[in-house]
Structure formats: structure tokens, C-alpha cells
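Enquirer: So the chains spell out like this:
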Amino acid sequence: MTSREMMHRSEVAVSVELETPDMTLNIGPQHPATHGVLRLIAKIHGERIETVEPVIGYMHRGYEKLAEVRTYAQMTSLVNRIDWVSGFASEVPFILGVEKLMGVEAPERAQWIRLILTELFRISSHLVFMSSYPLELGASTPLMHVLREREFILELIEDVTGGRFHPNFSRVGGVKPAYGGGSQTKKQSMDLPAGFFKRTLEAMDRMDQIRDDIDTLVAGNELFKARTVDVGVIPADKAIEYGVSGPNLRASGVAYDLRKVDNYLPYDQVEFDVISRTSGDCYDRYVVRLDEIGESVKIIRQAVDIIPSGPLQAKVPRVLKVPRGQVYSRAENPKGEFGYYIVSEGGKMPYRLKIRSTSFSNLTILPWILEGQLIPDLVAILGSLDFVLGDVDR
Amino acid sequence: MSDKPDAALEADANPLADYVGDMAERLGAEGFAVDFDTARVFVAREKWVDTINEARKELPFFSWLSAIDWSRETEVGEGVAEPDELEERFEVMCRLSSVTDDKAIQFFATVPKDDPTIESLTGSIGGAEWHEREAHEMFGIMFEGNNNLVPLYLPDEFIGNPLLKSFPLIAREVKPWPGEVDVEGLVSDQDGDEEGDAS
Chain A
355 MTSREMMHRS
365 EVAVSVELET
375 PDMTLNIGPQ
385 HPATHGVLRL
395 IAKIHGERIE
405 TVEPVIGYMH
415 RGYEKLAEVR
425 TYAQMTSLVN
435 RIDWVSGFAS
445 EVPFILGVEK
455 LMGVEAPERA
465 QWIRLILTEL
475 FRISSHLVFM
485 SSYPLELGAS
495 TPLMHVLRER
505 EFILELIEDV
515 TGGRFHPNFS
525 RVGGVKPAYG
535 GGSQTKKQSM
545 DLPAGFFKRT
555 LEAMDRMDQI
565 RDDIDTLVAG
575 NELFKARTVD
585 VGVIPADKAI
595 EYGVSGPNLR
605 ASGVAYDLRK
615 VDNYLPYDQV
625 EFDVISRTSG
635 DCYDRYVVRL
645 DEIGESVKII
655 RQAVDIIPSG
665 PLQAKVPRVL
675 KVPRGQVYSR
685 AENPKGEFGY
695 YIVSEGGKMP
705 YRLKIRSTSF
715 SNLTILPWIL
725 EGQLIPDLVA
735 ILGSLDFVLG
745 DVDR
Chain B
2 MSDKPDAALE
12 ADANPLADYV
22 GDMAERLGAE
32 GFAVDFDTAR
42 VFVAREKWVD
52 TINEARKELP
62 FFSWLSAIDW
72 SRETEVGEGV
82 AEPDELEERF
92 EVMCRLSSVT
102 DDKAIQFFAT
112 VPKDDPTIES
122 LTGSIGGAEW
132 HEREAHEMFG
142 IMFEGNNNLV
152 PLYLPDEFIG
162 NPLLKSFPLI
172 AREVKPWPGE
182 VDVEGLVSDQ
192 DGDEEGDAS
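As you go down the protein sequences, you meet chains A and B in turn. Numbering-wise, my numbering puts 393 at position 39 of the first sequence, and it's gapless, one number per residue. Numbering-wise, my numbering puts 27 at position 26 of the second sequence, and it's gapless, one number per residue.
It is worth saying that the hints were derived from the structure and are not from the lab. Heads up, a few of these hints could be off.
25 Å max Cα-Cα, derived SDA-like pairs, lysine to any residue [to be verified]:
1) A:419 <-> B:52
2) B:104 <-> A:457
3) B:114 <-> B:52
4) A:419 <-> B:162
5) A:592 <-> B:58
6) A:702 <-> B:72
7) B:104 <-> A:631
8) A:702 <-> B:170
9) A:592 <-> B:151
Derived coverage of chain A by chain B (criterion: at least 3 residues anywhere in the stretch with Cβ under 8 Å from a Cβ of chain B; other residues may be distant) [claimed, not checked]:
10) 411-419
11) 610-621
12) 672-685
13) 691-703
14) 718-728
Quick caveat, the model's predicted, so the values are computed rather than measured. In this text, a Cβ means the ideal position worked out from N, Cα and C, and glycines have one as well.
Please build the complete structure, drawing on both the sequences and the hints.
Expert: What follows is the structure, given as C-alpha cells:
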């Protein structure tokens, strides 16, 4: 066959097979855009996604079973590791639930320390999103720039709790004696480290600065807007039906924040706004989180002013026996509603612990939202939901 | 049932209890309980989907769905407080909440162990699919109408339902607890008013 003939043949073949067949595209579980071990089986038609089937469970650790053979005190260190980007925020509802069952209330100072730490973790978690999301869209500058600033928050957290990611700091009835309290007397060494508030306020000034920087560099960037505005719109009713909560829900126009509604920590004594936007697209989900950093900064500044002195720990028995009862305890995690349903039969360990992890519920909407989208938008939409696979898989 | 308090006994000056009582009556529920700020409404298995759909008009937010295995004997952990009085059963639970205030109700339906089936919520709540898949693989409960009850977390070849009380936890079989170095064993097991952290 001459080369001319071959060319002719291939031309014929092309003209016959103009029809694009459906293709199955496997994304992950090892893929940089999937934030860990998420696998997506996408049926695509050209550049359009027809259906997506997420496959999860690669990191399933069986927390709910493990909880049944662990005492309440032992569980505290485990629940940190569900959503490791905001460990403390998943610790708080568990402790509050156990306290509710036992009829114990933490001293005021301990509650304020919990509040400050929760907000520090909220800023830290949002900063991870602020830096990694633009990277997924191709902007690599914010990653280093923003993660550097996050380091100031992590230093504060490390000073108090001794850990950067897993604080394991709450105790039933209070908080642990702070790790970095290097003062002379025993009483002082139980408390927050010296100069903590001063350094916190300094860090908050930096957060204001970085918030403004991100606002101009990323949120105001034409290319970023082109990738995110009107992409992956979640209408409010769909978000509610799928149990999508947190910033993802608030970006869809539902101003629902458990900090305002449940008042599980002294949030009623500080002034802050619930950030919400209306269009529910990827851009709004980004900006809601960006603005929430500003609100958290506001909360921490007020909390540092208000925080009373006093004991850190209420009196509780050394061996925790939790009276019979069932309680659902929830809190506003940086990613949304995080809750525990604790069934106690009066023993040292829960009879059943159901963990309502935020990212799991936020991810359930994925097949619905990705249907009919373009392949390049898949990464933009996936990233905008801000999930942690450890939180999905539990 | 032993842990279902009579609705009449619950009438106190608690606004949440008033709301839940009123709601339970309107929905034709079997009973309700409000303790620790957690509202529980018990519904018949046959009316599960209808009740939830009706309740969603007021409490639209689908928070989660799961189950409890009430079992007299357990392979893991501590058992129930009064095993003799316990009726062995599954309880399927679904939590709905408001998106404007703090109102929320947890719905419970009893599912017998010899016929562990209940109608699926996926017809009206898209978000229920994954939760039902999880409850299916963990407890072996069938959700009729959910056509995608394939394992969510567990590998395909996994045999058994891990969250059943009869399912042993291998880690605890291999290495019993408390172990030799566990401090918990050293502290006397009395409820003293001793101050200190409980670890």
C-alpha cells in the first residue's frame, strides 16, 4: 500500500466515525485534584460529563465501631483525626455531648478558650482552602503565600495544645492544662502560655492583611472568576435536600450558622455576621470562606478582650461513667454541621456513636452537581466543596 | 417499649417539648421523647416515608440517617443497661432540622431483626442514598426502593455487617483491653469527686 493510499484510507475512516462514543474516565484514587483518595468514575460524552459515580471508603477506619470499645476520654484523641484540617472543631461537639449527658458544664474560661481555638482552627482550615483551591485551577502563587500565613495560626495552636493538627485539648468539664505554660508557679503553668493573647492579636493583624491580599490577588482575578463564576451552581433547595451545610450552604443563600442558632459556646457574647451569598456557584463558595476569615478574626479579637480568668476544669470523676441517655450534639465545623449522636447505656463507653461528618454529607451532592458539566469544570467544582477525605471516610 | 417514655409524661414547660409533642401528634407518631435538647419522635415502620416527607415541609434540612442495633449480647464493648427488658431490634433514625432556627427532630422507626426492611427515602431525598447504603452495609438493613445498595465504605468482597453488636472487633480479640500498661486499671473504679482530667 502506498503512503498516498494509506492517507486516503485514514481519511475515509475519520469521516465514517465522526460520532463520539461515550467513554468511561477514571479519576483517582491517586490524583492531585481529589484531595486524597477519592475515586470518580465518570461517563463522558466528548467534554461533557454524563454521570459520575464517586467511590469512597479507601480510608475507612471504622470510627463508629472503634468508639464502642473506647472510653469517652480515649475517644477525644480519636475524634481529632476525623477532619484533621480542623481537628479541634470536631472535638468540641463530642465533648459537649458527653458533658450534656453528665450534666457537667465547663468553667467560663475554658469555654472561651474552646471558642478561641475553634475560631483559630476555622481560619486555619479556610486558609488551606484559600491556598489549595487556586492551585487546582492553575494558580500556584497563593499556595505558598497563604500557607506561610497559616503557619502563624498553627504556631499559636501548638503553643497552647502542643500539637499543630491534633490538639486533643478538650476534656470533659474543661480543657487540658496548656502545654506551653512555662510560668513558675503551678497555678500559672496550668493556664495559657505567657503572651498568648498578644501574639494572637498580632497574628490577627496578619490575617486581616492576608484576607485583603487574597481578595485582590485571587477573588479579584479575572482568570479565577472566569473559571468559577456561574460554575457548579447548587440551588438552595438542593443543598438542603442533600444535607449540604456550612459555607457551601451559605453560598447558596441560606444564612444558617449553628454558631448563631445553637449557641453551644458563648457566641452570643460576641458580635459577628453570618456570611451568605446568593448564587451558589464556585466563586461564592470561595468568597464566603474568605469573608468568614474576617468574621473569625473579629470574634477572636473580642474574645481576647472578654475572656475571664478562672479555673479551666470543672470537677468530674476520674473515671467517666456517663448516665443512660441519648444526645445529639452538633457544632459549626469550618466545613459545616459536625455532630455526634451518642447513645449511652450508663457505662464507660458509648453503646453507639453515630458521627455526622460534614464532608460526607457535603459530598453526597457530587453526582447531582457534576451531571452535564464540562471536564475542566469538574476540578473546579470538586475543589470548591472543600472536603477532607478523612472526614468523608471516617 | 422500655426506652420510649409515654408522651403524656413528657408534658412540661419546655418549648421544644411542646413543639415536638405538637408535631408528633400532627404526624400521627407513636410517641416522642425530649431529653438533653434532643427531640426523638417514634414512627411506625409502615409510615416511615410518609411521616418524613410530611415533616420535611417544616424541617427541610436532611441531616443524616443511620441505625442502632439493640442487642442483648454484644461481642464488643459494654452491653445495654437492662438486657432482660430489652426487645432486640434495629432502630433506623433520620434527623431533619430547620434552616432558620434550632428546631430539629430525630425520627425513629423500629425494624425487627427477622425482617430488616424499611422503605427507602431516596424517592424524595436525594441525599439519603449514601446514608442508606452505609446503614445497609453496616447493619444489613434493606431499604426497599434504593436501587443502589452497593457497599459504600467496605470492599466488595467483605463479608458481614461490622456495626452489628454480634460482629467482633478483631483488634480487641488479638490484643485485649485494658492491657498491662493501661493506667485506667490502676485507678479505683469509684465515682469520687476527684478533680483532674479523666484520661
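Enquirer: Now tell me, hint by hint, if it's right for this structure.
Expert: Evaluation of the provided hints:
Taking the CA atoms of residue 419 (chain A) and residue 52 (chain B), the gap is near 30 Å; set against the 25 Å cutoff, the hint is violated. As the CA atoms of residue 104 (chain B) and residue 457 (chain A) are separated by approximately 22 Å, the hinted pair is consistent with the 25 Å bound. Restraint check for residue 114 (chain B) and residue 52 (chain B): the C-alpha separation of about 22 Å stays at or below 25 Å, so the hint holds. For a cut-off of 25 Å, the pair hint linking residue 419 (chain A) to residue 162 (chain B) stands: about 11 Å separates their Cα positions.
For the hint linking residue 592 (chain A) to residue 58 (chain B), the alpha-carbon distance of about 14 Å falls within 25 Å, and the restraint holds. Between residue 702 (chain A) and residue 72 (chain B) the CA atoms are separated by roughly 18 Å; this keeps the pair inside 25 Å, and the hint holds. Taken as a hint, the residue 104 (chain B) and residue 631 (chain A) pair is honoured in the structure, with Cα atoms around 23 Å apart against an allowance of 25 Å. Only pairs whose Cα atoms come within 25 Å are accepted, and residue 702 (chain A) paired with residue 170 (chain B) is accepted, the gap being roughly 18 Å.
Between the alpha carbons of residue 592 (chain A) and residue 151 (chain B) the distance comes to roughly 24 Å, so the proposed pair stays at or under 25 Å and holds. For the region 411-419 of chain A, the assignment as covered by chain B holds, since 5 residues bring a beta-carbon within under 8 Å of that chain's beta-carbons and 3 suffice. Counting residues of the region 610-621 of chain A whose CB lies closer than 8 Å to any CB of chain B gives 3, so the stated coverage by that chain holds, three being the minimum. Judged by the Cβ-Cβ criterion of 8 Å, the region 672-685 of chain A is covered by chain B as claimed, because 9 of its residues qualify and three suffice.
Given as covered by chain B, the region 691-703 of chain A passes the check, having 9 residues with a CB less than 8 Å from a CB of that chain where 3 are the minimum. Coverage of the region 718-728 of chain A by chain B holds. Counting CB-CB distances below 8 Å, 3 residues qualify, and the rule asks for three or more.
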